[in-house]
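Using the sequences provided together with the hints, build the complete structure.
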Amino acid sequence: MKQGQSIRAAFEPERIMEIRKVSPAEPLEKQRTMSYYVVPEGKRLTEYEQLTAYAQQSADYAGGGIEVGEYQQKHAGGRGAYANETTEVINRDWFKFRDPDRRWFYPAVKAKAEDGRTADRFMKAASSEGLVRLIERDWIGFLDVDFGALTFYEYGLFNAHSSATKDSISDFVKTWVALTAFDKNDAAQMVQTERVFLSKQIENFDADLVRAKEVWTKSPIYAGIREAVERLWGDTYDWGEILWASHAIIDAIYGQFVRREFFQRIAPAYGDNITPWFLSQASGYAQTAKGGVRRLFGDNLANDPDFGLHNRAVIRAWTDKWLPVTLAGLRGFVGIYAQLPNASEKVAGRSVVEEGVERVMQDWATDFAHLIGYEADVAGLVAEVMSGMDPALAYRSDATKSIQPIS
Amino acid sequence: MQSVKPSGHSIMENTKRAVRAPTSVEAQEVHRYLMDFKWEFEKNRTKYGTKYEMANLTKEQFKLTAKEYARMEAIKEERQFGTLLDGLDRLDAANRVHPRWAEAMKVFANFLECGEYNAIAGSALLWDSAQSPEQKNGYLAQVIDEIRHSNQTAYVNHYFSKHGSDAAGHNNPRQLRSVGPAFRGIKRAFGDGFNAGDPVECSINLQLVAEACYTNPLIVALTEWAATNGDEITPTVFTSIQTDEMRHMANGYQTIVSVINDPKAKLHLNTDLNNAFWTQTKYFTPILGYLFEYFSRYKVEPWYKTWNRWVYEDWAGIWLGRLAKYGVTSPPSLREAKQDAVWSHHDVAILAYALWPLHHWRHELPDEVDMAWFEENYPGWYDRYGRIYDEWRKLGFEDPKSGFLPSAWLIENGYIPYVDHVSGVPFCPKLAKGACDLRILERNGRRYAFSDTYGEQQFLLEPERYEAQDFLTQFEGWELSEVIRAGGGLRSDGKTMIAQPHLRSDNMWTIDDIQRIGMKIPNPLKMH
Ligand SMILES: [Fe+2]
Ligand SMILES: [Fe+2]
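Residue numbers (our numbering), protein chains in the order written: chain D, 1 to 407; chain C, 1 to 528.
Hints in this document: simulated from the structure, not taken from any laboratory. C-beta atoms are modelled at their ideal positions from N, C-alpha and C, and glycine is treated no differently. Among these hints, one or two may not hold up.
Unchecked claim - 25 Å max Cα-Cα, derived DSS-like pairs, lysine-lysine:
#1 D:218 / C:43
#2 C:63 / C:76
#3 C:63 / D:110
#4 D:124 / C:338
#5 C:63 / C:51
#6 C:38 / D:213
#7 C:47 / D:321
#8 C:162 / C:76
#9 C:520 / C:401
#10 C:162 / D:43
#11 C:76 / D:30
#12 C:338 / C:305
#13 C:433 / C:299
#14 D:213 / C:63
#15 D:30 / C:162
#16 C:59 / C:38
#17 C:162 / D:21
#18 D:218 / C:162
#19 D:213 / D:200
#20 C:59 / D:213
#21 C:433 / D:200
#22 D:321 / C:299
#23 D:200 / C:38
#24 C:520 / D:110
#25 C:526 / C:495
#26 D:21 / C:299
#27 C:43 / D:213
Claimed, not checked - Partial list, derived from the structure: chain D residues whose beta carbon lies under 7 Å from chain C:
#28 7
#29 13
#30 45
#31 70
#32 73
#33 78
#34 104
#35 109
#36 112
#37 113
#38 155
#39 185
#40 197
See the structure below:
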């Protein structure tokens with residue numbers, strides 16, 4: 001017999017009989033639940049839990065693992081693949097974490113494929129009804145430049161997840177981190193998808209990112225947030241910190257504001273109903289991420305029976321570090337309102353913007369600060385951001401005049 | 001610096017096209033901007049130490065966006081789960097698998113899952129290290145793929161647990177493997193080898209060797225051995241996994257392309273390749289041959305033939321040939337590997353039989369039909385191994401009342417087993433017909449055994465990377481039944497063992513049968 005020529009027993013009566021003859025009359029084992037020894041999160045062990053729990057062979061010192069012994073090979077210098085020292089937070093049981101959305105590959109990819117099909121249908125419908133015709137001319141520059149800049153923001157946060165995916169301890173956490181990263185990557189690409197979509201329908205609207213990148217890297221409007229993203233991506237090594245700073249601070253504050261309070265709020269005022277639609281997916285992904293972050297940093301870490309106090313202190317310290325840079329980013333960004341041409345007070349007036357900032361900060365305090373007992377003076381934080389709109393501070397004319405390099 | 005284009009607002013000298021034609025955006029139309037998603041900044045660097053420099057402009061071959069990826073993969077998943085849960089279920093496919101082979105899948109599915117899982121982190125390490133956005137994108141897709149494969153291989157155990165005739169071992173391999181002597185090797189090759197090291201070294205292990213070299217003998221051969229033994233479940237899953245592997249092999253190729261213009265690459269690449277090839281081969285070669293040939297009623301072809309075709313001719317010849325223009329040469333360890341491809345799985349098999357109580361599978365000794373096949377294809381097999389199996393059978397290998405443990409017999413007869421410190425693979429110098437050269441080294445009061453110089457060299461250069469205790473040292477002095485209990489090695493009745501030295505439903509060994517023997521785990525390193 002040679003490879004490629006063998007018989008498939010399932011279709012060979014003789015073999016079927018032979019196999020039947022040696023098969024046990026009764027099943028030998030009654031325990032048919034895979035990973036039956038895993039403590040389920042709910043009443044019953046889910047498929048997600050069965051497939052994920054303890055897939056990771058960690059060293060036995062990784063909290064909650066069931067492995068015996070050490071890593072067989074380590075990084076130069078002697079650090080293991082999934083090492084406790086990759087983060088300052090400590091968990092008695094890293095394997096207790098559950099993605100609230102119970103995502104394993106199949107459901108995760110199915111949901112994203114559905115999002116893709118929905119986007120495709122939306123684009124076909126919107127183009128065939130000529131939705132783009134409603135967009136006011138004044139707004140298109142913002143879609144070129146500022147919406148384009150959002151690509152970099154999302155892409156930068158996405159890339160901050162590479163080391164977090166590598167380093168994170170436990171299969172449940174790692175799967176969640178990777179899928180959360182994938183959503184961020186998708187968010188960046190969907191911004192560009194909309195820009196390509198618009199370029200097909202608007203004369204002279206080029207989908208390239210040249211001008212957007214110039215503004216992203218040089219404009220004071222984005223200087224603050226860009227620096228935050230760069231620091232997180234290139235210079236933050238603790239994977240817990242990366243996740244907390246990305247989703248519980250930077251994206252919860254800056255991302256939420258830019259996507260919802262700025263683009264989704266302002267775009268329709270200029271006749272653009274396309275952008276809010278596209279951003280609804282990214283907003284959905286951010287909410288999914290929020291659920292996981294709250295579970296991991298709240299239920300699992302802040303409330304860890306042994307290390308809760310320690311973890312709270314660490315996470316508060318991270319918050320102390322990332323909140324100011326994020327606020328500076330948003331303070332810079334609100335300077336953009338001064339550039340909106342003929343903007344109505346109803347969407348761009350100071351008090352309306354302030355309401356938006358307050359919504360975001362209040363949500364942040366409720367969703368994240370409270371989780372770790374962080375004292376947040378919401379009114380003070382709002383005022384700090386709003387100072388970006390003060391005439392003396394407001395950066396002007398990024399999209400309309402030549403660009404000032406940051407000194 | 002390029003000239004500043006007209007400001008955003010002046011673009012407004014445009015006209016919106018009044019054409020109301022349905023239009024959408026293809027993945028490629030977005031992907032072509034991917035290289036522009038990056039901007040330069042001072043601290044943009046990888047967080048993991050590497051000897052190499054990855055180029056900025058490396059492109060990827062498969063140009064996927066997240067949405068396009070999801071579209072393609074969701075279709076594959078629908079097909080695969082449809083086949084498993086609808087088609088194969090109705091045919092009662094799990095009970096049409098030869099019981100011997102169903103045992104092999106307890107091992108295959110879980111050990112490969114270990115590789116798939118660790119490839120998630122391995123690909124993430126590369127995503128972090130690559131500088132080019134396209135290259136990052138290729139590695140990212142692999143991160144997500146490996147989640148898929150990890151779930152899929154797990155699903156094979158899940159499926160057999162639920163539908164097969166012996167769920168034990170399918171239902172808890174992640175628990176029981178951790179005390180098993182066979183798992184350490186996979187932890188090294190498919191685990192840490194993929195993600196604990198220089199990113200380029202990891203890429204060579206994962207993509208250039210494990211995937212480009214061993215995926216074919218593994219997946220093509222595995223599906224065929226499975227089907228010929230009545231298993232249609234495994235091919236359903238593994239051929240679906242295989243459809244992602246082209247992208248992973250391309251990633252490995254791109255890793256080499258991306259570093260090759262860096263003059264330092266010339267210094268390290270071939271050494272890293274040789275180490276990676278040996279690391280992977282040292283485990284892959286024996287374990288695959290062992291599982292194929294010793295767990296099948298119906299054989300496909302001798303393992304060394306498959307190995308020669310895919311590893312020696314296809315990979316070392318053609319695949320590495322494509323990289324020759326970059327100065328990549330075929331690994332010197334290929335010579336020993338070729339010898340190992342004939343004998344190392346037999347060397348490992350006899351030790352696996354000897355240690356049967358510690359596994360998460362049942363395993364019967366080769367019968368007359370097997371023995372004839374082995375002798376025909378591996379002349380000299382009977383004299384070295386077959387006669388020992390016959391002797392063991394006579395001494396009561398299968399009988400729970402016999403008090404016979406083959407591991408004790410080995411030691412009593414001077415066949416001392418060791419564990420190779422770097423690969424984690426057990427070996428017995430006196431029995432081995434494959435490449436084997438026992439070396440014992442003492443360092444800081446600890447003793448280490450090695451079965452070859454390649455591993456020893458790796459250890460001597462960076463001992464801090466190989467600190468793990470081997471299985472025998474770790475459990476030294478434990479009474480065998482204690483280890484089995486600690487690893488969760490009992491069936492749901494609380495006394496019958498998961499591991500068995502035969503496949504019958506009667507006369508199964510219980511933990512009491514083992515305890516009665518009172519065997520204490522020895523440390524052969526102390527016998528020197
Ligand atoms: Fe894989
Ligand atoms: Fe792969």
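Checklist entry - Between residue 38 (chain C) and residue 213 (chain D), does the CA-CA distance stay at or below 25 Å? => result The given pair, whose Cα atoms are some 9 Å apart, holds under the 25 Å limit.
Checklist entry - Is residue 124 (chain D) within 25 Å of residue 338 (chain C), Cα to Cα? => result 58 Å, violated
Next on the checklist: Does residue 13 (chain D) hold up as a contact with chain C if the rule is Cβ-Cβ below 7 Å?
Outcome noted: Constraint on residue 13 (chain D) not satisfied, violated at 12 Å.
Checklist entry - Should the interface hint for residue 155 (chain D) be scored as holding, given a Cβ-Cβ cut-off of 7 Å against chain C? => result 5 Å, holds
Checklist entry - Close enough to count: is the Cβ of residue 197 (chain D) nearer than 7 Å to one in chain C? => result 5 Å, holds
Item to check | Interface hint for residue 104 (chain D), Cβ within 7 Å of any Cβ on chain C | outcome: For residue 104 (chain D), the interface hint holds, since the closest Cβ of chain C sits about 5 Å away, which is under 7 Å.
Next on the checklist: Does residue 401 (chain C) sit within 25 Å of residue 520 (chain C), going by the straight-line distance between their CA atoms?
Outcome noted: 19 Å, holds
Checklist entry - Does residue 433 (chain C) pair with residue 200 (chain D) here, judged by a C-alpha cut-off of 25 Å? => result 68 Å, violated
Checklist entry - Hey, residue 526 (chain C) versus residue 495 (chain C), does the alpha-carbon distance stay inside 25 Å? => result 33 Å, violated
Item to check | Proposed proximity, residue 43 (chain C) with residue 218 (chain D) (alpha carbon, max 25 Å) | outcome: 17 Å, holds
Checklist entry - Keeping to a limit of 25 Å between CA atoms, is the pair of residue 520 (chain C) and residue 110 (chain D) held or broken? => result Violated, because 52 Å separates the two Cα atoms, which is more than 25 Å.
Next on the checklist: Next pair to validate is residue 213 (chain D) with residue 63 (chain C); report whether the Cα-Cα distance is within 25 Å.
Outcome noted: Satisfied, since the Cα-Cα distance of roughly 22 Å is no more than 25 Å.
Against the hints set out earlier in the document, violations occur for numbers 4, 5, 11, 18, 21, 22, 24, 25, 29 and 30.
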